[in-house]
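Assemble the whole structure, with the sequences as input and the hints as a guide.
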Amino acid sequence: MIQINNLTKTYQTKGNAFTALRHIDLHIRCGESVAVMGRSGAGKTTLLNIIGCLDRFDEGEYLLDGESVFSLRDGKQSQVRNEKIGFVLQDFALLGHKTALFNVMLPMYFDKTPSSQMKKKALSALKQLGILDQSKKKVSQLSGGQKQRVAIARAIVKQPKVILADEPTGALDSTTGKSIMETLMGLNEQGITVVIVTHDEFVAGFCHRKIILSDGKVVSDPEH
Amino acid sequence: MLVRFKENSSLAKRQQVLDYLSKIGSYITYDELIANSDKFILNMFNRRLPLPIFMLIISTFSFISVTALAVNSKLKDYRVYFLCGCSRKKCMASIFSAVGLVGLLSGLVNTLYVFLYPFLLRNGYMRYITDSDMAMEKDMILYIIFYILLCIGLSLLIPLSRISRRTLIQIYGEKP
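Chains as they are written, first to last, in the numbering used here: chain X, 21 to 244; chain L, 16 to 191.
Rather than coming from a laboratory, the hints here were simulated on the basis of the structure. Watch out, some of these pointers could steer you wrong.
Unchecked claim - Here are the computed lysine-lysine pairs in the PhoX-like style, where the Cα-Cα straight-line distance is at most 20 Å:
{"hint": "1", "chain 1": "L", "residue 1": "Lys105", "chain 2": "X", "residue 2": "Lys132"}
{"hint": "2", "chain 1": "X", "residue 1": "Lys96", "chain 2": "L", "residue 2": "Lys104"}
{"hint": "3", "chain 1": "L", "residue 1": "Lys105", "chain 2": "X", "residue 2": "Lys158"}
Claimed, not checked - Between beta-carbon pairs, the in silico distance windows are:
{"hint": "4", "chain 1": "X", "residue 1": "Lys147", "chain 2": "L", "residue 2": "Leu71", "range": "39 to 47 Å"}
{"hint": "5", "chain 1": "X", "residue 1": "His47", "chain 2": "L", "residue 2": "Ser112", "range": "37 to 45 Å"}
{"hint": "6", "chain 1": "X", "residue 1": "Asp131", "chain 2": "L", "residue 2": "Asn138", "range": "52 to 60 Å"}
{"hint": "7", "chain 1": "X", "residue 1": "Lys118", "chain 2": "L", "residue 2": "Leu175", "range": "24 to 32 Å"}
{"hint": "8", "chain 1": "L", "residue 1": "Ile56", "chain 2": "X", "residue 2": "Thr33", "range": "34 to 42 Å"}
{"hint": "9", "chain 1": "L", "residue 1": "Met70", "chain 2": "X", "residue 2": "Ser60", "range": "48 to 56 Å"}
Small disclaimer: the values here were computed from a predicted structure and weren't measured. Backbone N, C-alpha and C define an ideal beta-carbon position, used for all residues, glycine too.
Encoded structure:
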């Protein structure tokens, strides 16, 4: 599913070079749930951004579903992001001034989903997440847990192969966080690969595999 | 009264006329007339131009600031679009068209003003703004287009400088 070989990523900031990832080798199989852990600055989010086709890298190779996505053009790469990847972020990354329904429909605006099906699919995703009754509310009116459920509904509306979550419970209380993790693991049981970046041991405990990064290197991976 | 000498008139004759004019009144030469006119025009410009220039500078800075602020605040939304599968090119195009729309609107208003100016002048509406009959020609539209394009270009420099080297995700990740 996700194959990373000898990947290196360096940021250039005002003449200084900062290597965020150093010679990373990683293989995540279809249907796995993986927690990526490490201290701040270890390279967790950078790795997630690269897996999510949100950022580029300098050296190495990254294959998603056997395809080298970084050799693709901008348009094709965004199509991969649209069709194969769902994102769940700590700050929810939702349009606060729009309704929950609109937010869930958003990924379908960027592909050729007929407008008649967009609402149907979005409502179905909201129903699956148990927040159908909140569909007409603006996101800014929802609680943190509800916002994260909207984000998860948006992530699954296109039936992606992988969900990438960056500190998905970071802005939530422990009870809501647990509930969100149970939801993500439920989706994993349905066959969606889940990669979670976290520094929380409790969150990582939900996943089958735990990878630890330190200074841009993989220092612990049960598969190695 | 304007005195014009024949080309073949002698210098002595000319001096004779000038002496006579000095006796019965005063005179100024053509060069002095031009110099005085230039002085008058310059004086008029000095008195009248500061206000339009002041307004032009204010409007230019306002336009640039408003569009730059609007684009910056919208970057948050573009980051969400990017996550959902909108390509970087489409995001950029969307940002630029939003700025272009503001420019286009102000350009249209100005063009309309140029077209309506003769009517406004004929009916005396411009008396509220100016006490002279200024001329406004259709060529002015070209200057308006140039000015609007310049403003749009300057407005885009700020967001463009932020986006060009980083992704929308990196920009949003930066702490203010």
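Verification of the supplied hints:
1. For the proposed pair Lys105 of chain L and Lys132 of chain X, the alpha carbon gap of about 15 Å is at most 20 Å, so the pair holds.
2. Of the supplied pair hints, the one linking Lys96 of chain X and Lys104 of chain L holds, its CA atoms being roughly 12 Å apart against a limit of 20 Å.
3. Of the supplied pair hints, the one linking Lys105 of chain L and Lys158 of chain X is violated, its CA atoms being roughly 25 Å apart against a limit of 20 Å.
4. In this structure, Lys147 of chain X and Leu71 of chain L break the distance hint of 39 to 47 Å, their C-beta atoms being roughly 57 Å apart.
5. A hinted range of 37 to 45 Å for the beta carbons of His47 of chain X and Ser112 of chain L is consistent with their spacing of about 42 Å.
6. Range check, Asp131 of chain X to Asn138 of chain L: Cβ separation about 56 Å, and the 52 to 60 Å hint holds.
7. At about 26 Å, the CB distance of Lys118 of chain X to Leu175 of chain L agrees with the hint of 24 to 32 Å.
8. A hinted range of 34 to 42 Å for the beta carbons of Ile56 of chain L and Thr33 of chain X is inconsistent with their spacing of about 55 Å.
9. At about 51 Å, the beta-carbon gap between Met70 of chain L and Ser60 of chain X stays in the expected band of 48 to 56 Å.
Hints 3, 4 and 8, counting from the list given before, are not met by this structure.
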